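K.L.:
Use the sequences and the hints to build the structure in full.
If you want the building blocks of each chain, they are given just below.
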Amino acid sequence: MLKLEGVVIRNGAFAVTADFEVADGAKVAVIGPSGAGKTTLIEGIAGFLAVERGRILWDGRDITAEPPGRRPVAMLFQDGNLFPHLTVAQNVGLGIRPDLKLDADQRARVARAIARVGLAGLEVRKPAELSGGQQSRAALARVLVQGRPLVLLDEPFAALGPALKAEMLDLVAGLVAETGATLMMVSHDPGDARRIADQVVLVAEGRAHPPQETTALLDAPPPVLQDYLGTA
Amino acid sequence: MARRAEPVGAAVGIGAAAVVAALILGALLAVFLRAEAGAGLGPADWAAVRFTVLQAALSAGVSVTLAVPVARALARRRFPGRRWLIALMGAPFILPVIVAVLGLLTVFGRGGWVSHLLGWAGLPPLQIYGLHGVVLAHVFFNLPLAVRLILQGWQEIPAERFRLAAQLGAGPREVRRLLEYPMLARVAPGALAVIFAICLTSFAVALTLGGGPKATTVELAIYQAFRFDFDLGRAAMLSVIQIVLTCAAALVAVRAARRDSPGGGLDRPIRRWDATGRGARVWDTGLIGLAALFLLLPLAAVVLRGAAGVVDLPGVVWLAALISVLVAAISTGLLLVLALPMAAAVAVGRRAGMEIAGLLGLAASPLVIGTGLFIVINPVADPFALALPVTALVNAVMALPFALRILVPRAVQVVERYGRLGASLDLRGWNFARIVLLPRMRAQIGFAAGLGAALSMGDLGVIALFADPEHATLPLQIYRLMGSYRMEAAAGAALLLLALSMGAFWALDRGGRWHAEA
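So the sequences go chain by chain: A and B. Counting in the UniProt record's numbering, the first sequence runs from 1 upward without gaps. Counting in the UniProt record's numbering, the second sequence runs from 1 upward without gaps.
Since the hints were made in silico from the structure, they are not lab data. These numbers come from a predicted model, not from an experiment. Where a beta carbon is used, it is the ideal one built from N, C-alpha and C, also for glycine. Just so you know, nobody snuck in bad clues.
To give an idea of the chain A side of the interface with chain B (calculated C-beta under 8 Å), a few residues: (1) G69; (2) F77; (3) G80; (4) F83; (5) H85.
Here are some chain A residues the structure puts well away from chain B; computed CB gaps all over 12 Å: (6) D59; (7) A120; (8) L122; (9) A158.
P.N.:
Next comes the structure, spelled out in structure tokens:
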């Protein structure tokens, strides 16, 4: 279980506060106006931004001071999720061992993950030789082999068209359902939230609100969310 | 509080910078301690100081004066081969000095091509040795540099300004006053200062074309005190003078030189509406042709003259070539071992220390460092036995500022772009360097290694100080052949050196870019 205890995450002159828990296996969409601190929140949990006050706990263990790679977190960024000079298999393999010294079992795991996301046969391709959707699939294969219990997505599919994005979200939902991982994904599209998230964290005016049930929140939005959605 | 995890450590880079700083400062300290302050400066020493400053000032002045119209012609004309010509202007940087000197002798020497032409017209042949020969060689090397620096100034005038000037009906004179003079006032002082600083430390040119009491630079005087009189105290004293000169010039150059971004977009011709008259076109074409001839003729001379000599080169030349390749290989390896960790350290935010180490390399001249190292090594080992390792080391340190300028921007970019992804995968330290940083810097590493190898291959500096009769690098061997008037063999060896330097640069630069992803 992820627990944010009176957390203040600073990003330059800007800060986000959060004080809530996310249940194991929950699928949480993080939505809110742009500039309100969605990415700041996610990067704080991932360990890229310093936590100024409070603690971040995973299953009761304080991970506030852990470096990003040692947290129980697999993360995809808005872009640049693959190394362009490495093959798909190498990019995925980095999720198992950062020194890429894989044994036969681990290589088989990489191959299975690549097949699971629908890229079988493309293992030796480099990212430039893949379509945008295929690149996203490769990055998701790495998330799969990482096997981390908390998956953070900072709008990695924003550049894809609507149909492709929906396809990726369904793939993500399938993957976290299989692994039982907790999912937190930044989105500026309430449709994304309705599609795969059962809870929503609303980030507005420098505060991340506790998760609420998706349909309930979106059907009866509070004023700040109404402003954002344009339904006022 | 979560640490802002850095993908690579700065410790190795800081260590490398410390080694460089210790080497240079140690050599300088040795020189200061050994210098015989009481002896003071003799008239010959003052003459050397005066000549050094005079030739550097003349070289800078002539180079920049000639470069202005050539750069203007290149900026406002478009013609096939323009790109190629501008690329060629970068070549003198890695051209071995001794090769250029041989080429210049063949064209402008007493028995050279121009003297032949003068002879037909009943005029006396040219005299190349002395002040004007030294300045000629420096202009050959630095005119292209000045053209590139000033051309960059021209290219940085926004195209909209020219369009606006054309719309206002401005002719060539108005365009000059409105756009070009202000640009030159901004760019030219930097170019002057940089070339002045480069020419202050001139050794190989002064060694081959200068000499004698009237045409000795301080660097050359150090060499003479060292080799001929074996007067270490005087060599150290002269080194102190050289340090004062170069530090002063380097300070001025760093102040005056604008932030220069080498290469970027120089091949983009600007659409212009002035200077379309027939006279301006002929003038520009003539200037570009003359500049190209001035650069290409000496090189053509080396090739033509060397082709005859290269078929039966003496065995010592092949041995020297082997030694040069070896020294260049070791020097390039050392260069990368020093520069890459330093670039990585800058990329994770340790800029200050690296820049100081880089600047030290600019402020120190090879012969001063050589003298200092000799003083340090002499009590514990035979310096002449260490001639080749010392040459490789000094060459690497001298190439370091240039290598850093190539490597640092890319390292910063890679860490900026992939540092977070690496951190999220726990890809740190050596793993990040091995799997991400070095592969992504391949093109820049190849370019820096190519420059380092070519510079080391062609260097005629420290080796002249340390070499014994049995061991010579190829440039030194060419100098010895010239000294014994074996000009055919010297020309053949020069062609070989030219091929080796350019070949090393081409192979390494090309190897870095081979199958590299953007």
